[in-house]
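Going line by line, the protein sequences match chains D and S. Going by the working numbering, the letters in the first sequence line up with residues -16 to 78, in that order. Going by the working numbering, the letters in the second sequence line up with residues 10 to 608, in that order.
Careful, some of the hints might be misleading.
The calculated EDC-like cross-link candidates involving lysine to aspartate or glutamate, where the alpha carbons are at most 20 Å apart (straight line), are [as the list claims (entries may be wrong)]:
| no. | chain 1 | residue 1 | chain 2 | residue 2 |
| --- | --- | --- | --- | --- |
| 1 | S | K510 | D | E72 |
| 2 | S | K286 | D | D41 |
| 3 | S | K286 | D | E77 |
| 4 | S | K255 | D | D41 |
For the record, the hints were derived by calculation from the structure and aren't laboratory data. These numbers were taken from a predicted model, which means no experiment stands behind them.
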Amino acid sequence: MADQSTHIKVKAAEDGAGYWAANVRIITISLIIWALVSFGFGILLRPLLAGIAVGGTDLGFWFAQQGSILVFLALIFFYAWRMNKLDREYGVEED
Amino acid sequence: MDQFTLNLLFVGASFALYIGIAVWARAGSTSEFYAAGRGVHPVTNGMATAADWMSAASFISMAGLIAFTGYDNSSFLMGWTGGYVLLALLLAPYLRKFGKFTVSEFIGDRFYSPTARLVAVICLIVASTTYVIGQMTGVGVAFGRFLEISNTAGLLIGACVVFAYAVFGGMKGVTYTQVAQYVVLIMAYTIPAVFISLQLTGMPIPALGLFSETTATGGEGSVYLLSKLDQIVTDLGFASYTEAHKDNLNMVLFTLSLMIGTAGLPHVIMRFFTVPKVSDARWSAGWALVFIALLYLTAPAVGAMARLNITELMWPGGTSGEAVSVETIETAPEYDWMLTWQKTGLLDWEDKNGDGKIQYYNDKSDAMTAKAAENGWEGNELTNFNRDILVLANPEIANLPGWVIGLVAAGGLAAALSTAAGLLLAISSAVSHDLLKGQLTPNMSEKAELMSARIAMAVAIGVATILGLNPPGFAAQTVALAFGLAAASIFPALMMGIFSKRVNNIGAVSGMLAGLIFTLVYIFLHKGWLFIAGTNSFPDTVDGSLFGIQSTAIGAVGALINFGVAYTVSVLTTDTPQEIKDLVESVRVPAGAGAAVDH
């Protein structure tokens, strides 16, 4: 009996760690995209995108004024959807 | 019906609506006063967050700043939306799971230290008060225009209205009132933009109109709106609209400060305490950004189109033709807006060379010196154009019907009032709930707590009004300073509280203090101590500033200092106790999030 309860505890701890590690991985990927579209395409990498014309200016200008906002929206909804799925996979969702 | 009556009608009707809702849902217990009983749907909460969030800075000021600098001020657009990604991914679900009412309660419990809670309260009060100063600047502009009085008188009247409004509300009133305010302000922002976009490009969606070909004027075939704008502003010696003129370091740090600050401002974070579930907190941030994006995708179009319209009004015959004459400004109906705005003291012109015309150009540009000498110009004659008037004047500039102008007046006031109310609530709860009840007089009655919350509101608005009479910048710039302060103090403490089990009480306190003091001192060195003009040691320009970083961008550096100090001090001192590690574990998983813990 003692063995089994220890086993369950260890399993729960491993699951908890797995859930958190998966969460941190999703966050990291999302934040890389977040930084790439705003600080990257919108500011630092703008010269690289200068050749792609968009309505009287270049793609970097579009990312700085509109594109990054659209990507931010997509990221938040993706994260909410993915995490609610992850909650169920690990059985840690709310009642 | 004249324009003044029409404005009064729109503003009066919208106010009656908000006050009606506030009275209908008047706050009862303290629990309802702070967090609206936690029964708010994510979409409703998102809409109210959007109204709360989009202040005078977003509505009144931002497009004007973009209009006069173009690409360089894209930082506002990316910064004030990108922060929601940080909020949704790094803070909102965990703070909701933690299940207390205020940000400083989380910091106090997680860092098991009343001192940490106290420091957090101080950081919140400093950042929120700076923010309210920016709001009051916007309130002054809006009331000044719509009552056709001076900016100062408008500010004083506005302060009384904001106070009366916030003191009777509480958050429940504020949540449903703010849904109504969102509807008013988004209509007020987009309807004139749609009209103007149709006039200039034939495209009904302003966000797409910005990148479309322009149909108005010219006749030289198809020209993109932005190409045309670039050409006419450079003709007058101004910096081009679409190119970068700011160094990358300042632009990146400024954008980052606004993003981190968004995720560190108490009045926005508090919103996520009011949703029923952790999963709802994740969706809520997304819905908030949907409603915010409707305005933010329109704002760059509003800015560019207004700049084009203004330039063409000043140069009716094109930039190589004749400037507009003083007589035309004083008599032609399409220039009426200049006369009404002149009364506020925020717009002015002067025929310096006495030729009967008003030449608007960049007299600081070397390229223009020769042209000015040749034509007998003696400096830019559009002597004052306050950036904060642009959005409110926009429908008049574009000669839109009177009801649109009335609607915009109502929207501008809604934006300024809703955020000022939300901030005052955050300040009052910090003082009464965290400072007095949490620290000084724990046995205080509920009634005394509500009373002290209201006194705190009155003091905060008094301070903000006095400083707002002589603001440290345009509304959005002052607000940007508030974001820098929140970025440097609150956000790092919250994030480390969730993502690190190692950061302890001493670490968190030293980190917050280091971040706050560094940022505040840096801002005061460049903007004047307590924002009093003339007491600054360095000019607030890139070249003159202490580290080559402008004061609006320094918050990101403050945040890095906060992270660094907190982590280093924590590693050098004792480890966090086991129950804190357990607390962090429990905050990280959604399961078991009950209703809020009451006290």
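Status of each hint after checking the structure:
| no. | hint | verdict |
| --- | --- | --- |
| 1 | S:K510 with D:E72 | violated (25 Å) |
| 2 | S:K286 with D:D41 | violated (42 Å) |
| 3 | S:K286 with D:E77 | holds (8 Å) |
| 4 | S:K255 with D:D41 | holds (17 Å) |
Hints 1 and 2 from the earlier list are contradicted by this structure; the remaining hints agree with it.
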